[in-house]
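Protein chains in written order, with numbering that gives the first Met the number 0: chain A, 0 to 425; chain B, 0 to 169.
Keep in mind the hints are simulated off the structure, nothing from the lab.
These numbers were taken from a predicted model, which means no experiment stands behind them.
Incorrect hints may appear among the rest.
Said to hold, decoys possible - Within a straight-line C-alpha distance of at most 25 Å, the following computed DMTMM-like cross-link-like pairs (lysine to aspartate or glutamate) qualify: (1) B/K92 <-> A/E192; (2) A/K256 <-> B/D152; (3) A/K256 <-> A/D355; (4) B/K145 <-> A/E387; (5) A/K256 <-> B/D69.
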Amino acid sequence: MIFRKLLVGAAWLLLAPWAHAALTIEIVGSGANQIPISVVPFAGENVLPQGITAVIAADLQRSGLFKIVDPAGVKPEPHELAEVNYPDWRTRGADALAIGSVLQRPDGKLEVRFRLLDAVKQVQLDAYSYVIDRTLVRATAHKIADLIYEKLTGDVGVFSTRIAYIVKSGTRYELQVADADGYGAQTVLASSEPIISPSWSPDGTRLAYVSFERKKPIIYVQSLVSGQRQTLAQFKGNNSAPAWSPDGKQLAIVLTKDGSSQIYLINADGSGVKRLSYSSGIDTEPSFSPDGTSIIFTSDRGGSPQIYRMSASGSGAQRLTFEGSYNVSPHFSPDGKSFTFIQRVNGSSFNVALQDLASGQMQVLTDTRMDESPSFAPNGKMLLYATEMGGRGILAAVSSDGRVKQRLSTQAGDVREPEWGPLLLK
Amino acid sequence: MKKILFSTLLVGLLAGCAGQDVKDQPKAAVEDRTAQGADAKPAGQKSVTANPLTDPSNILSKRSVYYDFDKSDVKAEYKPMVEAHSKYLTGTKGAKIAVQGNCDERGSREYNVALGNRRADSVRKMMNVLGASDSQIEVVSFGEEKPRAACHDESCWKENRRSDIVYQGE
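Whole structure, please, built from the sequences with the hints as guidance.
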């Protein structure tokens with residue numbers, strides 16, 4: 000009892016203050032086939048501080064799958080279907096065209112109208128109209144970018160999602176959440192002791208994470224809605240590596256209460272802990288398959304850290320990685336067909352790798368040197384990870400084919416431990 | 000108050016065995032007596048001139064075990080020190096320690112938490128063999144999160160592959 004009091008006194012904590020810190024994104028590399036699209040400034044959007052079409056175009060460009068065709072010079076600028084002269088756009092090389100308008104309603108709300116047009120076939124592909132609060136301008140722009148992305152690539156757009164990560168500045172650690180484009184960062188937790196391993200609940204409303212504020216790793220679950228948090232696991236020894244089950248009811252966690260680091264299952268309210276793995280070595284970094292039936296994890300039971308898979312009840316563990324002597328930090332892809340992990344390459348470089356489960360085929364995706372904690376975007380097309388540049392921790396993203404690369408950095412501090420959040424419920 | 004007396008009678012030497020609430024009081028019994036040495040000790044207690052846990056000439060003041068890369072076995076050179084702490088725990092049933100495992104910065108943070116745990120656990124196992132009880136020892140890991148040395152090469156990494164023995168209250 001005394002022991003505990005003492006330890007708590009050493010750390011200071013802030014729960015959910017609304018601090019802001021922008022992440023800047025730089026794109027390097029691009030997709031094999033970029034769709035040329037022109038996003039024409041919406042009528043009336045100049046009254047909005049950040050506009051709408053600039054956000055849409057930046058989203059599409061960042062994906063690496065689009066080439067933004069500059070609409071400047073086309074007169075008159077089309078905002079309605081009747082104003083579109085398709086040959087204007089074909090001569091500029093645009094295959095697709097987005098037009099629209101923003102109307103200020105008497106009740107103070109905004110009406111955003113948007114049309115997506117196929118400039119080759121000269122037909123309308125989609126049309127939407129939203130009545131929104133002024134605070135939702137960026138969110139609406141992301142939604143429109145998602146619609147364009149879906150319509151033109153056939154995959155789900157992830158521009159409306161969020162990411163979680165840790166920023167270390169001096170001796171201050173902050174768990175932050177930001178939009179997928181790095182905008183609107185908010186501090187969820189600040190501490191003078193390390194925070195690691197943030198993990199999104201499947202519905203995006205809670206984060207599980209590991210905090211060292213009590214001089215040892217303890218797992219907490221914090222609501223992003225209320226800011227309130229509860230202790231999920233503080234057993235004797237270490238409590239770490241939380242991973243949610245797809246239904247959000249349980250988490251796989253790593254405890255040392257029975258000796259070495261082993262994987263356990265615990266209910267999301269902290270009750271009913273049950274041991275899943277039984278090895279004499281280290282078992283850690285669990286990740287649930289999207290269907291909830293299996294768990295991949297890191298284990299050194301065979302002598303070196305490798306990726307294994309077992310059933311969600313802990314039976315039938317099988318080794319999945321055989322190349323290299325250091326394979327760690329596995330994360331399932333959203334379709335459950337592959338997984339990403341970190342592989343040590345040539346003894347000193349740590350890179351993001353991707354392995355197909357059926358074929359066992361493995362591909363190293365990055366050429367950075369100190370990569371850590373990769374996770375998939377919810378559409379499986381991009382992976383977010385931490386790496387180092389110029390001696391500082393930054394976030395980076397790479398497409399699952401390795402072609403598109405992005406870097407996300409803050410003005411100051413080390414950014415690390417990212418996890419891409421789930422799709423928002425529509 | 001009860002807690003303060005209890006600690007004092009137990010050893011009188013275990014600096015900071017009582018909690019912070021005790022420490023913060025002016026002239027906290029335990030600390031003062033330790034600092035003043037034998038004169039202030041309760042009658043009948045063995046006379047000691049300094050806290051053996053902090054006396055630089057006492058092996059108990061040594062607290063760190065260092066490891067080779069990717070290794071967790073306690074090297075021979077640290078055995079006398081681990082033995083001394085084990086003996087101290089056996090002879091001082093009220094004493095409790097945390098063995099804190101640490102790693103260098105390379106590789107996965109979570110795997111390093113596990114590796115740090117294995118390192119610290121190798122110290123615990125050695126202490127167990129020598130008679131110290133598990134109830135006196137908590138093995139925890141800081142992974143790579145709390146490096147003692149900050150540079151990014153082996154000169155620092157070897158400092159950071161380490162277990163520290165920390166007595167309750169320190």
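Starting from the hint list further up, note which numbers the structure goes against and sort them upward.
1, 2, 3
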